[in-house]
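Trainee: Listed here are the chains, written in short residue letters.
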Amino acid sequence: MPDENPKRDKFLTFISLSFLLCFLWYADNHFSNYTLRILNNIAIFIILAVSYNLINGITGQFSLEPNAFLAVGAYTSAIFTLSPEEKLRSFIIEPMAWPLSEISLSFPASLVVAGVVTAFMALLMAIPVFRVRGDYLAIVTLGFGEVIQVVANNIVSVTNGPLGIKGLAPHTNIWWSWGICIFTVLCVVRLVNSSYGRAMKAVREDETAAMAMGINAFRIKTLAFTFSAFFEGVAGGLLAHLITTISPSLFTFLLTFNLLIIIVVGGLGSTTGAIISAVLITWGGEALRLVEEPISVLGFEYEGIPGMRMVLFSLILIFVMLFARSGLMGRNEFRWAILINWLKRRKTSEAKNQ
Amino acid sequence: MINLLNIQELAVHFGGLCAVNSLNLRINSSEIVGLIGPNGAGKTTAFNVITGIIRPTKGKITFLGREITGKPAPVIARSGIARTFQNIRLYDDLSVIENVMVAAHSSVSYSFAEAILGFGRFTRDEARIRKRSQELLDLMGLGHLTREKANSLPYGSQRKLEIARALALEPKLVLLDEPVAGMNPTETSDFAKFIIKLRQDTSIGIGLIDHDMSFVMNVCDKIKVIDHGIEIAWGVPHEIRNNKKVIKAYLGEN
Ligand SMILES: Nc1ncnc2c1ncn2[C@@H]1O[C@H](COP(=O)(O)OP(=O)(O)O)[C@@H](O)[C@H]1O
Ligand SMILES: [Mg+2]
Chain A
1 MPDENPKRDK
11 FLTFISLSFL
21 LCFLWYADNH
31 FSNYTLRILN
41 NIAIFIILAV
51 SYNLINGITG
61 QFSLEPNAFL
71 AVGAYTSAIF
81 TLSPEEKLRS
91 FIIEPMAWPL
101 SEISLSFPAS
111 LVVAGVVTAF
121 MALLMAIPVF
131 RVRGDYLAIV
141 TLGFGEVIQV
151 VANNIVSVTN
161 GPLGIKGLAP
171 HTNIWWSWGI
181 CIFTVLCVVR
191 LVNSSYGRAM
201 KAVREDETAA
211 MAMGINAFRI
221 KTLAFTFSAF
231 FEGVAGGLLA
241 HLITTISPSL
251 FTFLLTFNLL
261 IIIVVGGLGS
271 TTGAIISAVL
281 ITWGGEALRL
291 VEEPISVLGF
301 EYEGIPGMRM
311 VLFSLILIFV
321 MLFARSGLMG
331 RNEFRWAILI
341 NWLKRRKTSE
351 AKNQ
Chain B
1 MINLLNIQEL
11 AVHFGGLCAV
21 NSLNLRINSS
31 EIVGLIGPNG
41 AGKTTAFNVI
51 TGIIRPTKGK
61 ITFLGREITG
71 KPAPVIARSG
81 IARTFQNIRL
91 YDDLSVIENV
101 MVAAHSSVSY
111 SFAEAILGFG
121 RFTRDEARIR
131 KRSQELLDLM
141 GLGHLTREKA
151 NSLPYGSQRK
161 LEIARALALE
171 PKLVLLDEPV
181 AGMNPTETSD
191 FAKFIIKLRQ
201 DTSIGIGLID
211 HDMSFVMNVC
221 DKIKVIDHGI
231 EIAWGVPHEI
241 RNNKKVIKAY
251 LGEN
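Residue numbers (this note's numbering), protein chains in the order written: chain A, 1 to 354; chain B, 1 to 254.
Since the hints were derived computationally from the structure, they do not count as laboratory data. These numbers were taken from a predicted model, which means no experiment stands behind them. No residue lacks a Cβ here, since even glycine has one placed at the ideal position from N, Cα and C. It cannot be assumed that every hint is accurate.
[What the hints assert, rightly or not] One-sided and incomplete, this derived list gives chain A residues near chain B with beta-carbon spacing under 8 Å: (1) Ala169; (2) Thr208; (3) Gly214.
[As the list claims (entries may be wrong)] Not everything, but these chain B residues come out facing chain A in the computed CB check (under 7 Å): (4) Glu67; (5) Ile68; (6) Lys71; (7) Ala73; (8) Ala77; (9) Arg78; (10) Met101; (11) His105; (12) Ser106; (13) Phe112; (14) Gly118; (15) Gly120; (16) Asp190.
[What the hints assert, rightly or not] Calculated lysine-lysine pairs in the BS3-like style (CA-CA distance at most 25 Å, straight line): (17) B/Lys245 / B/Lys222; (18) B/Lys131 / A/Lys7; (19) A/Lys10 / B/Lys222; (20) A/Lys10 / A/Lys347; (21) B/Lys248 / B/Lys60; (22) B/Lys149 / B/Lys172.
The shape of chain B in the complex, shown without the other chains:
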């Protein structure tokens, strides 16, 4: 087990609003870490900072021992951090398989000139990317929808497609922002099995945001709870379940 992500004293301010305040978080390989908290707690903002979409106000983020704080999003993605989005962000007008193939772009070895000439590395790479993308779609149970347009899929399938796309980056760490939101209980328990298996098969580290407590408690090795950008608890699921501060944050002050 190696340390993948290490966040120290991270803070994000939007004007006067302090969305994240001195957050510390470690995620190791083969580990599923939950990040939970009420709406507006700053969870998505934390993911946005890790993946380079937002710059932090303060703090330090390292990935595999190298500092990535404030680096551009594509650089961070290529270094091995993939993600999904809370409000699904697929390439709507592209086909299902194209959505996945886009994420394999960083593994392409041919130049645009070779793409135009169209032989050698181009043919080889395209065949490899297509095959790998099809495998990932099969893995997510979307194998039969390859040629559909992404925005024609039902909600649950779109979430799965986002995960297939994230995995096409061949990441070492995947950040999932509310992956089971909108899924029914059967789909949710299937998905729980899926990520536990994924972790076993690949040693990928997983960061996970969700509001479905039984799902989070079921799959996570460790859980961090934040409220109003401030960390209020950190521990294994049963510690979190019985933590007074957590119960108070979720049920309100009264």
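In isolation and in its complexed conformation, chain A is listed as follows:
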């Protein structure tokens, strides 16, 4: 087995993060807006996948919350970044309720508020749901997703109803999205590698045996769920200020379904898997736009079928569930020691071959 070496590992992590930042700096200056948009999307989906995996994969509590929490985060942060004049202008059906109409915050502050509000919602759900054992979380979160859309459509004086909120400043750039993405991953990884993370995994593996060893399963599940919710809310804020227009129809169950595919393909319970899979599927999803566009190959006319991407994604999910249930990474995590050992072995085998 490879050796752990915390100092070396920290150093290597630091170096690779520096490389990532250099790449982002280069991308920011040289890449097209379209490519940058994809990079932003990737960062947001990494945040979502890593937090979603915390409750679903690490803690083993099947949940269907991402679209709902993304909506809560997006609306909260959007409501807080608009200036009072903008609110007057865009809330045309019904003016915005006081005091929301007067409050205006900076973008980072609005992200924090989005995270906190979403975490609070999660807490309200966790308290009744985790008091009892069983898979109620999936049902409750699914229902909450529907409720949120109805609320967004109908509480016009807060959400501007079906018109949605338009004209948000495009605050989200490479630095915000990737900065928060790196921060989220570091937080989640540290939490998972602490005693709290071990307790979450123990609850997943055997809840009764976890409780018999003094673990308050209710508290641990609530912690995991609220923690996930915080970052999903922040991701919602990032998304809102990336696409600059949000409306209730944006946050359908399809989003949750996408994320479910991402974490299952990555390997339920593996943060590394969630990251790799978020990159592949977000980027691949863009590449797959091809199948929805008309093309002609060797004289064959292909008209392009809208929604074809979702069919392909569903097929991927079915394939993974049937034939590769542990996904790309299983429950394994990337560790420097493994990479170094692998490189060493390759070197020795190369030396032998010569």
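Dock chain B with the ligands against the given chain A, drawing on the hints supplied.
Mentor: Below, chain B with the ligands alone, put in the same frame as chain A:
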């Protein structure tokens, strides 16, 4: 010697079935108490009630003078009662040492925020837990298997790992549900030596269920025999060995 556990008139019903019926039991520190009886007698159910996994229908359980009847399992565990399971219940996908470290969670002094920031108490506590868990694995003869996955261990080692995990709670009372089931005679006699030594070194009280009579007679100070949820005998090993009711319960009515 102080009284740890005191069970009075405990009864557990599952629908119409009376799994445990007016059970009384005392376990003191530095004492090994056996709980024996034929299959389905209600032994495991009694352990499940003591550790808060099942609520009793009737009766009172006190631990160190405080009532714990019907309290949640984690509260009871943290008050100092650890256990193992008849049908081994490890955290299969976690490594051997992680299994043990999980049980030390209640001794962690850092908050989750400190875990994320990662200094001070976090580093200290993690080092302490890891060291203690390694000691317990060494004690159980599993020290070389630290990084293996729990479910990759052979049966006998999994039983030992469950005991290491129980001890990581730093309990005052340990309840062992058929600890030598599936062990060969050498392993069993080693294990007998081990728990006698454990009792000498730590003053822990031990409650023990097993079907291996020579093992039970060998290690227990006192033995309680139950059948169909009803107590039929209580005494030191040689009294139990010669008790007519016990012989009848084990050999059947005829
Ligand atoms: N959770 C449960 N629900 C219903 N019946 C149970 C449950 N647990 C145990 N029983 C029943 O209670 C009786 C005692 O079981 P148990 O305590 O496991 O016996 P043993 O002495 O062999 O450990 C058995 O008849 C068993 O079927
Ligand atoms: Mg039993």
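Trainee: Determine for every hint whether it applies to the structure shown.
Mentor: Hint by hint, here is what the structure shows:
{"no.": "1", "hint": "Ala169", "result": "violated (30 Å)"}
{"no.": "2", "hint": "Thr208", "result": "holds (6 Å)"}
{"no.": "3", "hint": "Gly214", "result": "holds (4 Å)"}
{"no.": "4", "hint": "Glu67", "result": "violated (19 Å)"}
{"no.": "5", "hint": "Ile68", "result": "violated (13 Å)"}
{"no.": "6", "hint": "Lys71", "result": "violated (11 Å)"}
{"no.": "7", "hint": "Ala73", "result": "holds (4 Å)"}
{"no.": "8", "hint": "Ala77", "result": "holds (4 Å)"}
{"no.": "9", "hint": "Arg78", "result": "holds (4 Å)"}
{"no.": "10", "hint": "Met101", "result": "holds (6 Å)"}
{"no.": "11", "hint": "His105", "result": "holds (5 Å)"}
{"no.": "12", "hint": "Ser106", "result": "holds (4 Å)"}
{"no.": "13", "hint": "Phe112", "result": "holds (5 Å)"}
{"no.": "14", "hint": "Gly118", "result": "holds (6 Å)"}
{"no.": "15", "hint": "Gly120", "result": "violated (13 Å)"}
{"no.": "16", "hint": "Asp190", "result": "violated (25 Å)"}
{"no.": "17", "hint": "B/Lys245 / B/Lys222", "result": "holds (17 Å)"}
{"no.": "18", "hint": "B/Lys131 / A/Lys7", "result": "holds (19 Å)"}
{"no.": "19", "hint": "A/Lys10 / B/Lys222", "result": "violated (55 Å)"}
{"no.": "20", "hint": "A/Lys10 / A/Lys347", "result": "holds (24 Å)"}
{"no.": "21", "hint": "B/Lys248 / B/Lys60", "result": "violated (30 Å)"}
{"no.": "22", "hint": "B/Lys149 / B/Lys172", "result": "violated (28 Å)"}
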